[in-house]
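Chains as they are written, first to last, in this note's numbering: chain A, 1 to 252; chain W, 1001 to 1224; chain P, 2001 to 2220.
Please keep in mind that the hints were generated in silico from the structure rather than gathered at the bench. Treat the hints loosely; a few may be bogus.
Said to hold, decoys possible - Only part of the chain W face toward chain A is listed, based on derived beta-carbon distances under 8 Å:
1. L1154
2. V1158
3. G1182
To be verified - Simulated coverage check for chain W against chain A, where a stretch passes if three residues somewhere in it have a Cβ under 8 Å from a Cβ of chain A:
4. 1162-1176
5. 1208-1221
Glycine is no exception: its CB is placed at the ideal position from the N, C-alpha and C atoms.
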Amino acid sequence: MSTSIKLFTFAAPSTFYKLSGYLIPWLYCLSIAVGLTALYVGFFIAPTDATQGEAYRIIFVHVPAAWMSMVLYLVMAMWAAIGWAFNARLAYMVARAIAPTGAIFTFLALWTGAFWGKPTWGTWWVWDARLTSELILLFLYLGYMALVESIDDVRRSDKAGALLALIGVVNVPIIYFSVRWWSTLHQGATISMTAAPKMASTMLTAMLLMTIAFWAYAFAVVFMRTRAIILEREKNMGWVQFLSQQNKRKKQ
Amino acid sequence: MMSHNIMTLLIRRDLRLASRRRTDAFLPVVFFVVATSLFPLGIGPETNTLRQIAPGIMWVCALLSAMLSLNTLYASDHADGSLEQLMLSTHSLFLIAASKALTHWLITGLPLILISPVLGILFDMHLQAVATLTLGLLLGTPILSLLGGLGAALTLGVRNGGVLILLLILPLCIPVLIFGAGAVSAVDAGLSPRAHLSLIGAFLLLTSLGAPLATASALRIAEA
Amino acid sequence: MLALDMTFNPAPTTLLQASELALQRGDAWLFKNLSFHVSSGQILWLRGQNGRGKTSLLRVLVGLAQPERGTLAWSNSNLANESSSKAVYIGHANGLKDELTVLESLQFLARVHGHTLTQTVALAALRHLHIDHCCNRLVRTLSQGQQRRVALARLALETTPNLWVLDEPFDTLDAEGVRIVNHLLSEHLARQGSVVLTSHIPLELMNTKVQQLNLDEVNR
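Excised from the complex, chain A in its bound form:
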């Protein structure tokens, strides 16, 4: 972990730019390959669920997406905190780059939650604890993105975003606890998302494979976004201008 902090924190953006440039195509390939495998296992190999039939299979996307949305928030907050503590530009940029991906996974979790809900108990949305918490997590992501976009001064927006992300991290357990309490009070004994079907090992395999695919995708996309942010912020540096001149020559 400490080497990776060193790598990210003190690495020059130019080094990161080069390194990530090599990795991105491989990450995409990994993501597609593993993702297709996961879907195959989930949709064709895993057994039919006793209570929920075929419709349950959406959890192979829903659960990994929900995991990703939560973990990415923590990772985003961690990089923002590292950026703040060590005044490390690259760490801030990575945090900025993670936010939209985290939001997309949250949205995916909500969307697939709806597709699960409709055949299972007839409604597109149900206010159970997990879905509601995912919705609030989406608000937290949107809030972070809105804040950093509204502040023009880069340094200030980085720091304010870091503070907000940390406040979010502290509040997420409190919010989750409150929502869970609220859900049990009002819903009583209705079926909830948290009561997942008993896991056959193939089901677990499919979910883990999907998670790996999502991670590879997340890395690829975050790397791409970070590279774009690097180019934007470091545009006055020699290596960026050299790159852009190279590009112009290639086009001619």
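Start from chain A and add chains W and P according to the hints.
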């Protein structure tokens, strides 16, 4: 009158300023009344329904009303240079943030608390329910002011700061909303609201320690 | 590296030492390796074109902004007690509330900065700036120049040889106001206080050599 206590100095100054702009101070309360009254018009006058949804409506409207006056909390001090001077003094920024939140509560939260029993009548709430609602608001509105101050400091000088504060802070207020409205529902069901109110009290304690700290941080970031 | 040390006083003590300051604004660097010190009895006139970072440097000196690199070292010998700040800062903005009276504003500012002052003392300070006749008027009813005088009245309350950091103090003042402020500066320097300021109006101080630091000449 030679008090060195920054909280006394600052609260007195802000109350004096608010008294010279009295209409501004009334807006949140007026909004509270208007917004709450819209719901029966939208939902229908059925008394039982209204009584059931009343705590939720009152709490949500209280939340929104409390947030209304937030973007001016630090904005004018920032614009005329008073905030700079406060930050340059030797006084702790934590206490300054706490004073600001306290003033906000005195000007916005307290009137909401005082008028809520009257609105309870509009919804035909029972006496116990009204009492629980008021007590919950008494404990919860300071939390809103503290969190609101944090939001105001984070968005200082930003365009559309008012709406942005809502987006940032409302999710953080959800626990207070859940337990505040939950307390009244418990009372309606014949149960004790003590657990809910204690939880809000615990949140208040946590927030009064954490929010001014984060607000001080946000102010330093904003003024740099 | 710019080091200025040309005071006439026999034993000046360094009040503030700035070393290798580097500051950015957005993507551009304002300065990268700025060092200087301010001694007791010394006045440092910060010069430079618009946008060179004069205001930003002043804010760094008082601690409102952090430099990207570099350090500021304060000597503690002149600080009387903990309740007074290291420096008196009067920026572009006056720090006055529109809806308070002149007297209330000055009293608030003074008390926040640790002065225990009676109404008499406050009025005396306002009188020094020839603005005491407005003492019960709301700040927003005053002209820009009058508001500036109220903001500067804080200087008339100072008696310790601390550091004054002033950003365009003469801004919006008329000739009389400029004269009064120059006099305040001279008195402060005479009791071994220090001043760092920006001004587009030349200073007229008696018996004082004015140090200059021109940010146009600092390499970026």
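Hints versus structure:
1. L1154: Nearest chain A Cβ about 5 Å off; hint holds.
2. V1158: holds, 5 Å
3. G1182: Holds, because the Cβ-Cβ distance from G1182 (chain W) to chain A comes to roughly 7 Å (cut-off 8 Å).
4. 1162-1176: Three-residue rule met by the stretch 1162-1176 of chain W, so holds; n is 8.
5. 1208-1221: holds (count 5)
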